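Fit chain B to the known structure of chain A by using the hints.
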Amino acid sequence: MNRLEFYLFHLMPYPFIPPGEEFESIWITLPNAMYDPRTGHRLYQEYLEQLVLAERLGYDGVLVNEHHQTAYATQPAPNLWAAYLAARTSQIRIGVIGNALPLHRNPLRVAEEIAMLDVMSGGRIISGHVRAMGAEYVSAGVDPTTSKERFWEANDLIVKAWTEDGPFPWHGEHFDIEYVNPWPRPLQQPHPPIWLPGSTSVDTIDKAAERRYPFMLTPTSNWLSKSAFARYYEVAEEQFGYTPSPRQLGRLVHTHVAETDEQAHREARAHIMWFFRNGLKIPGHLMMPAGYNTKESLRRTLEGKAKAGAKSFTELSYEELVEGGYVIVGSPQTVIEKYEQMIEDYRIGMVMSAGGHLGSMPHWMVQKNMYLMAEEVMPHFREADGKPTWGQHPPLAPQTYSEHAATVPRPERMPTVRWDGDHYLDTTTAHIPEVYGAIPGLKDSP
Amino acid sequence: MTITTAGPSTSVVDVAGVTTTFRRTGAGRPVLYLHGAFFPTRWLPFHDALAQSVDLVAPVHPGYAEGHPPGWLRGFDDLVLHYRSLLDVLDLDRVDLVGYDLGGWLGAQIAAHYPERIRTFTAIAPSGLWLPEAPMFEFLNASREQLEAALFGGPAGEHGYLLAAADDIEAYTDAYGENGVTARLIWERRYDVGLARRVALIDVPAQVIAPVEDHVVPVVHAQRWAELLPQGRLVTLDAVDHALIIQAPSRVAQAVTSFIEEVAA
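As they're listed, the protein sequences go chains A and B. Quick note: the first sequence uses the working numbering, first residue 3, plus one each step. Quick note: the second sequence uses the working numbering, first residue 20, plus one each step.
Check each hint, because a few of them may be wrong.
As the list claims (entries may be wrong) - Pulled from the structure, derived: some chain A residues nowhere near chain B, Cβ distances all over 10 Å: (1) Val54; (2) Leu55; (3) Asn108; (4) Lys162; (5) Asp205; (6) Arg213; (7) Ser223; (8) Trp225; (9) Ile345; (10) Val410; (11) Gly439; (12) Ala440.
Unchecked claim - Distance ranges between label pairs, derived from CB positions: (13) B/Asp187 <-> A/Asp347: 32 to 38 Å; (14) B/Glu207 <-> A/Met3: 45 to 51 Å; (15) A/Lys228 <-> B/Asp187: 29 to 35 Å; (16) B/Val31 <-> A/Glu151: 24 to 30 Å; (17) A/Ala312 <-> B/Glu246: 52 to 58 Å; (18) A/Glu151 <-> B/Ser28: 32 to 38 Å; (19) A/Tyr244 <-> B/Gly213: 50 to 56 Å; (20) A/Glu180 <-> B/Val31: 39 to 45 Å; (21) B/Asp187 <-> A/Phe18: 34 to 40 Å.
As the list claims (entries may be wrong) - A few chain B residues that don't get close to chain A, going by computed Cβ distances all over 12 Å: (22) Val32; (23) Thr44; (24) Ala68; (25) Leu111; (26) Arg138; (27) Pro174; (28) Tyr180; (29) Val254.
Hints are computed from structural coordinates only; laboratory data are not their basis. Here the structure is a predicted model, which means the values were calculated and not measured. Where is the CB? At the ideal position from N, CA and C, for every residue including glycine.
Pulled out of the complex, with its shape left as it was, chain A reads as follows:
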């Protein structure tokens, strides 16, 4: 088994905006007149190329996600991206991490779209489920005070829609749907893997451990990462009696690799600072709208930060970001050592944003980062064949008509239409005179 899975993570920012000091927030209020769709088109083409390239380079998966009304991430509809990627790739895993469940008035839409994507892609979809950042509730006008309840009810409804035969009724506290019966059903059984991306909130970690959902930790320091992953193991082992697989734990830590340590810093420094100073510029009242969190939880967080003297993302210097482990920058050897340390310290089996785009990084630099990651870092953590996880298993869906005919049982019912009386036609052969001619009156009809 490979010791570490590598995922390319994309936010698709629109970096042609003023520095963070010149606007209130990159979310919600940054005037969208700054967005030029012609430049947006160019960026989307580059971002698509980077994501498609990941398959050829041997990444285990590509990850897109949902954010609204922000230059930080111009991907409000991640399932559209997943559809595009499903068409342009053939084997790599595609993760939507995730759909913001409570923002949907009808979460069945997510169940339907993920099932569609899973069937279209041949069973390659990872379904990340998120409550969504507080800012998204300001954008969406959805009540944040019930967001946790809505999240879990939506999650449970989606899982049931994927795993139990319909139609069945769902009469929940927040969603009332008389007929739950989505077509198509997902290809992966019992359903596409569900990931819970999250920050260091113990609520999310505990629930993920309880349900054995893989947990992906969003960018934070080495110190907080360690306690978050330790918590997952502790809850799983002590409360739920199992030892998690390292594949249940992933860390999102942007990594930039270049020929030497010095070269890597030269290349990445400004783009990393764009991300932390501008891309994460959001004031507390938009980040944490009323009712999104409990008073007690917010108080614990703020007191903890004050006690630790923790700075906000926008206040951290480049040196602090590197030393704190918020990002990993260096030569292949440095990156290998830091990833080895992560495996040892956190017992994790997945790394996201392992090479790839961040902030305002130009296309050529992203590709260079990716090639070096694939050729100089990935093999160190893989079996001798160097294959990604998806290369070690046959695809879920037959790849050819002959394979399909040989392995999938014939349908119980062929498409059939009742003609006159008791005569039924198999429509797949109904155009053949020897077949339709056997039915009285049909021979001469126009």
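For chain B alone, coordinates are given in the frame of chain A:
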């Protein structure tokens, strides 16, 4: 809990299973005062000014003292029924009803549903009407500075302590919790499309008190309230903004109590 110790001591009653905090002081006609989204739990000079001439009953809406909305609170209807029950528990057959800001919005619904329990209705800078051309200031997603400017029409001066600073974690998170209850009530709709029809059904002596200029609820709202109320009249006060009960407690209290006395006479 942010109930301050100043003012009369707080009482706690069980209202149909809901632990309800209120203060009661003064003598005269019973007045039920419903607080708004701002300054919900503090005892204010405005309360003292009212209590000089009436029997003031000032409850805290469910959730505001605790800092989170109770599970049963899904909308205004739940509060309307809660306050009908409170009147029963306190053995108050009829009251003069006064509501500030969101409390005016709530009071109108109580008065529309239970007019027999209401002698007079006073709405102070009430919110809730659907006037898309004059939207309410988006206070739930505002910085302290934006909120101060809107509430006070400029610097809050001596009243600045009423707005929590971000570095005062306890006060800041208390205010955050209070806003969470308001969010439960109005996040998805900062107005009630059906409210105008209900206000028009409140056929009791009524007045609307509003600042000449209001940066939270534009003054056209107060004007519309006064038009809709069958027996309504509008009283405007100058040199104040939406925080008028803080900025001019005596003048507002005087306007309230003189109206109540006038109707009683």
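| Among the hints numbered above, which are violated by the structure, and what are their numbers in rising order? | Violated: none.
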